[in-house]
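S.K.: Let chain W serve as the given structure and place chain E on it in line with the hints.
Residues per chain, in single letters:
There are 2 protein chains.
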Amino acid sequence: MLALDGKAQDLLFREAHTAAGFTSDAVSDEQIAEIWDLIRWAPTGGNASPGRLLIVRSPDARERLVAHMGESNRAKTLAAPLTVVLAADTRYHELWPNISPGRSQAAARLEDDQDARERLAMLSGTLVAAYFLIGVRAAGLAAGPMGGFSRAGVDGEFFPDGRWRSILIVNVGMPADDGHSERQGRLEFSDVARVV
Amino acid sequence: MLALDGKAQDLLFREAHTAAGFTSDAVSDEQIAEIWDLIRWAPTGGNASPGRLLIVRSPDARERLVAHMGESNRAKTLAAPLTVVLAADTRYHELWPNISPGRSQAAARLEDDQDARERLAMLSGTLVAAYFLIGVRAAGLAAGPMGGFSRAGVDGEFFPDGRWRSILIVNVGMPADDGHSERQGRLEFSDVARVV
Chain W
15 MLALDGKAQD LLFREAHTAA GFTSDAVSDE QIAEIWDLIR WAPTGGNASP
65 GRLLIVRSPD ARERLVAHMG ESNRAKTLAA PLTVVLAADT RYHELWPNIS
115 PGRSQAAARL EDDQDARERL AMLSGTLVAA YFLIGVRAAG LAAGPMGGFS
165 RAGVDGEFFP DGRWRSILIV NVGMPADDGH SERQGRLEFS DVARVV
Chain E
15 MLALDGKAQD LLFREAHTAA GFTSDAVSDE QIAEIWDLIR WAPTGGNASP
65 GRLLIVRSPD ARERLVAHMG ESNRAKTLAA PLTVVLAADT RYHELWPNIS
115 PGRSQAAARL EDDQDARERL AMLSGTLVAA YFLIGVRAAG LAAGPMGGFS
165 RAGVDGEFFP DGRWRSILIV NVGMPADDGH SERQGRLEFS DVARVV
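So the sequence lines, in the order shown, correspond to chains W and E. If you count the first sequence from 1, you need to add 14 to reach the working numbering. If you count the second sequence from 1, you need to add 14 to reach the working numbering.
The following block holds chain W by itself, in its conformation from the complex (with noise of 0.2 angstroms):
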């Protein structure tokens, strides 16, 4: 009954596994910036735009964010060919002008309300981390999302002006054959689903 034909189904949703090993074939700034202008017509709050990507490449810049992720994420992190981590940008507001002009009222507002621009930086600024996931699989790519890093941590060492803020980093590349575990169960639509 899906309209998306099934060889997308299967590329994005039913084929696609969360890596750990990936080959030694490069990602390029392209293929992330292909990704981007794929997602970026993905919805936000009020197009708020806060999703930001801080893309790790180099050695030095690898071990600085290691050193705030946990045990079991480090070593594969080290040897992923690109890790990216998402983040929000709490004054987002900012580049609205690049976006839609004439929000100017609005952005004034959500300057004087600090709590409801970083509640929705943090809200959106997931989704387009959620996005990004689906991005990298429509680009031929595998990722390996990982939550358990010390926010505080990556957002202190990238981040030390406090604008942006770290939501989940993620591996990125072709999947080695050996790279993810067997597949898990989901929940049936009975498990998750009420109707009222």
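Any given hint could turn out to be false.
[What the hints assert, rightly or not] Coverage of chain W stretches by chain E, computed from C-beta distances (three or more under 8 angstroms per stretch; other residues unrestricted):
| # | segment |
| --- | --- |
| 1 | 21-32 |
| 2 | 85-94 |
| 3 | 106-117 |
| 4 | 130-140 |
| 5 | 143-150 |
| 6 | 183-194 |
| 7 | 203-210 |
Since the hints were derived computationally from the structure, they do not count as laboratory data. Predicted, not measured: the structure shown is a model, and the values here were computed from it. We put the beta carbon where it would ideally sit given N, CA and C, even for glycine.
M.R.: Relative to chain W, chain E alone:
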């Protein structure tokens, strides 16, 4: 360069629009189940699987829902074919025996660490909310996600035991011809990405 074909790119991202107005075509529970059966394969933290769907269908439930929504979201929600509250189950570990036998020790640790459990529920539940928006488009339908509501109000009304927490409210249906506003701009890769 993307592996996903252009038609699927358009369906999910480039030609999809957040909808405020819909045709009168009904959306069935079976359609939502089919969306779930696709998106459930996308990753959550450690396969925690906290994403939940409250399908708001009856006139009474709609009225109860919009009472907790912002004024600008009420009329379009009452008129939508179907509304779904995306939520996170803060006691997701209780369903793990359905999907991942042998995680009883991890579940016991989470039982004792409410903070960690709820953080993971909200983070991964928000990823699932984004997957749902993509899934609605995969089904050939349009989504109208809304963050403008009182979370405490909706949770008190529909989840009085405190176990589920609302994340995003989404109207779902076939988009009306005039059902969306003009596309707003999006940020360029150079606006959102830094390489280190």
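S.K.: With reference to the structure, classify each hint as holding or not holding.
M.R.: Outcome of the hint check:
1. For the segment 21-32 of chain W, the proposed coverage by chain E is satisfied: 9 residues have a C-beta within less than 8 angstroms of a C-beta in that chain, meeting the threshold of three.
2. Counting residues of the segment 85-94 of chain W whose beta carbon lies closer than 8 angstroms to any beta carbon of chain E gives 0, which falls short of the minimum of three for the stated coverage.
3. With 4 residues bearing a CB less than 8 angstroms from a CB of chain E, the segment 106-117 of chain W meets the requirement of three and the coverage assertion stands.
4. Closer than 8 angstroms: that is the beta-carbon criterion, and the segment 130-140 of chain W has 4 residues meeting it against chain E, so the requirement of 3 holds.
5. A count of 5 residues in the segment 143-150 of chain W with a Cβ less than 8 angstroms from any Cβ of chain E is obtained; the coverage claim is therefore met, three being the minimum.
6. For the segment 183-194 of chain W, the proposed coverage by chain E is not satisfied: 0 residues have a C-beta within less than 8 angstroms of a C-beta in that chain, short of the threshold of three.
7. Residues of the segment 203-210 of chain W with a Cβ under 8 angstroms from some Cβ of chain E number 7, which satisfies the need for three, so the listed coverage holds.
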